[in-house]
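Taking the UniProt record's numbering, I'd label the letters of the sequence shown as residues 1 to 343.
Among the hints, a few may not be true.
Stated by the list, open to error - As a list, the in silico DSBU-like pairs of lysine-lysine whose alpha-carbon atoms are at most 35 Å apart:
id, residue 1, residue 2
1, K46, K66
2, K90, K141
3, K273, K141
4, K2, K90
5, K3, K66
6, K213, K257
7, K46, K67
8, K213, K46
9, K2, K343
10, K263, K273
11, K263, K213
12, K3, K86
13, K90, K188
14, K86, K343
15, K67, K3
16, K197, K141
17, K67, K141
18, K163, K141
19, K188, K67
20, K188, K163
21, K273, K213
22, K257, K188
23, K343, K273
24, K66, K2
Rather than coming from a laboratory, the hints here were simulated on the basis of the structure.
Please read these numbers as outputs of a predicted model, since none were measured by experiment.
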Amino acid sequence: MKKIALIFGGTSAEYEVSLKSAASVLSVLENLNVEIYRIGIASNGKWYLTFSDNETIANDLWLQDKKLNEITPSFDGRGFYDQAEKVYFKPDVLFPMLHGGTGENGTLQGVFECMQIPYVGCGVASSAICMNKYLLHQFAKSVGVMSTPTQLISSTDEQQVIKNFTELYGFPIFIKPNEAGSSKGISKVHTEAELTKALTEAFQFSQTVILQKAVSGVEIGCAILGNDQLLVGECDEVSLATDFFDYTEKYQMTTAKLTVPAKIPVATSREIKRQAQLLYQLLGCQGLARIDFFLTEAGEILLNEINTMPGFTNHSRFPAMMAATGITYQELISTLITLAEDK
1 MKKIALIFGG
11 TSAEYEVSLK
21 SAASVLSVLE
31 NLNVEIYRIG
41 IASNGKWYLT
51 FSDNETIAND
61 LWLQDKKLNE
71 ITPSFDGRGF
81 YDQAEKVYFK
91 PDVLFPMLHG
101 GTGENGTLQG
111 VFECMQIPYV
121 GCGVASSAIC
131 MNKYLLHQFA
141 KSVGVMSTPT
151 QLISSTDEQQ
161 VIKNFTELYG
171 FPIFIKPNEA
181 GSSKGISKVH
191 TEAELTKALT
201 EAFQFSQTVI
211 LQKAVSGVEI
221 GCAILGNDQL
231 LVGECDEVSL
241 ATDFFDYTEK
251 YQMTTAKLTV
261 PAKIPVATSR
271 EIKRQAQLLY
281 QLLGCQGLAR
291 IDFFLTEAGE
301 ILLNEINTMP
311 GFTNHSRFPA
321 MMAATGITYQ
331 ELISTLITLA
341 EDK
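Work out the full structure, taking the sequences as your base and the hints as a guide.
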């Protein structure tokens, strides 16, 4: 029987989302012919083997379980060391469901590489580049994929750089943490008076921050599954009642509406998919990724971001885009495990 380690939690601001994604994936794994190791990473960075059910994990009660064994990854090929049982256990595949921070920026993937165990998702380099918004946009432009004007800053003291950017592009602008996901720390700034507060918030989530010109249009997502042979899902379209697709809307969908497939011209959808595949392949992405674009009122296609471990909750976009092509949620999970083994 195949042994799958589902890994969740982590030290990023997206800890709670990770738990909900993991609970959804666990509900599928429990119906497959596999042995499951549930591995939680607490917000303090400690790793634990837990025996919690998916509801306990989703509600962030797993750390209260009576049986909770602290474990450590081993780099000698023996898997994990269970400190309570004083034994090693080695899964066949690692299935990380961590979003943002060290769970998605290549750090955790580097640990997996050292452990010499196949894992679901992108590798170290592609994860690192995709998490770094500024690097990603510079790379995209170098291969002909356009994005909104972007400026990197590393301190709130760079007032002249900020002034030059706002004078050149005007307001509104977006201020974003350079290395964070799920719209954490993002602000849409309409006036100079709002800059200080927005910058302070963004720097809470990342050591560097980007300024981006705001564009009028809709957000279009493209889901890709595969290593060498790629399956591209139907594009989706995000309709908003708020200024932007913020953290609350992404995971609660209070007012935002997702349409799959997107209500855009066939030629536009085809071009978005082409650009998404180009980036996926040139960046060396593996397993899965969701590539998000803006489609402006003038018909321009502009890269927004790439999520190398998109959400897998009930409201998540990636499974919905794959479902539109006929891939069920269970088939998606099974395929990701196979892709991990085939890297």
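Results for each hint:
1. K46 to K66: Roughly 17 Å between the alpha carbons, so the hint for K46 and K66 holds.
2. K90 to K141: Roughly 42 Å separates the two Cα atoms, so the pair is violated.
3. K273 to K141: 17 Å, holds
4. K2 to K90: 11 Å, holds
5. K3 to K66: Distance of about 23 Å is within 35 Å: holds.
6. K213 to K257: Holds: K213 and K257 sit about 24 Å apart, inside 35 Å.
7. K46 to K67: 15 Å, holds
8. K213 to K46: 39 Å, violated
9. K2 to K343: 17 Å, holds
10. K263 to K273: Within the cut-off at roughly 14 Å; holds.
11. K263 to K213: OK: K263 and K213 at ~25 Å, within 35 Å.
12. K3 to K86: 19 Å, holds
13. K90 to K188: 46 Å, violated
14. K86 to K343: Given pair K86, K343 holds - Cα atoms ~31 Å apart, limit 35 Å.
15. K67 to K3: 20 Å, holds
16. K197 to K141: Cα-Cα ~30 Å, so holds.
17. K67 to K141: Between K67 and K141 the Cα gap is close to 51 Å, so the pair fails against 35 Å, i.e. violated.
18. K163 to K141: Holds: K163 and K141 sit about 24 Å apart, inside 35 Å.
19. K188 to K67: Answer violated: K188 to K67 is near 45 Å, above 35 Å.
20. K188 to K163: 16 Å, holds
21. K273 to K213: Distance ~24 Å between K273 and K213 Cα, so the pair holds.
22. K257 to K188: 20 Å, holds
23. K343 to K273: Answer holds: K343 to K273 is near 23 Å, not above 35 Å.
24. K66 to K2: OK: K66 and K2 at ~27 Å, within 35 Å.
In summary, the numbered hints that this structure violates are 2, 8, 13, 17, 19.
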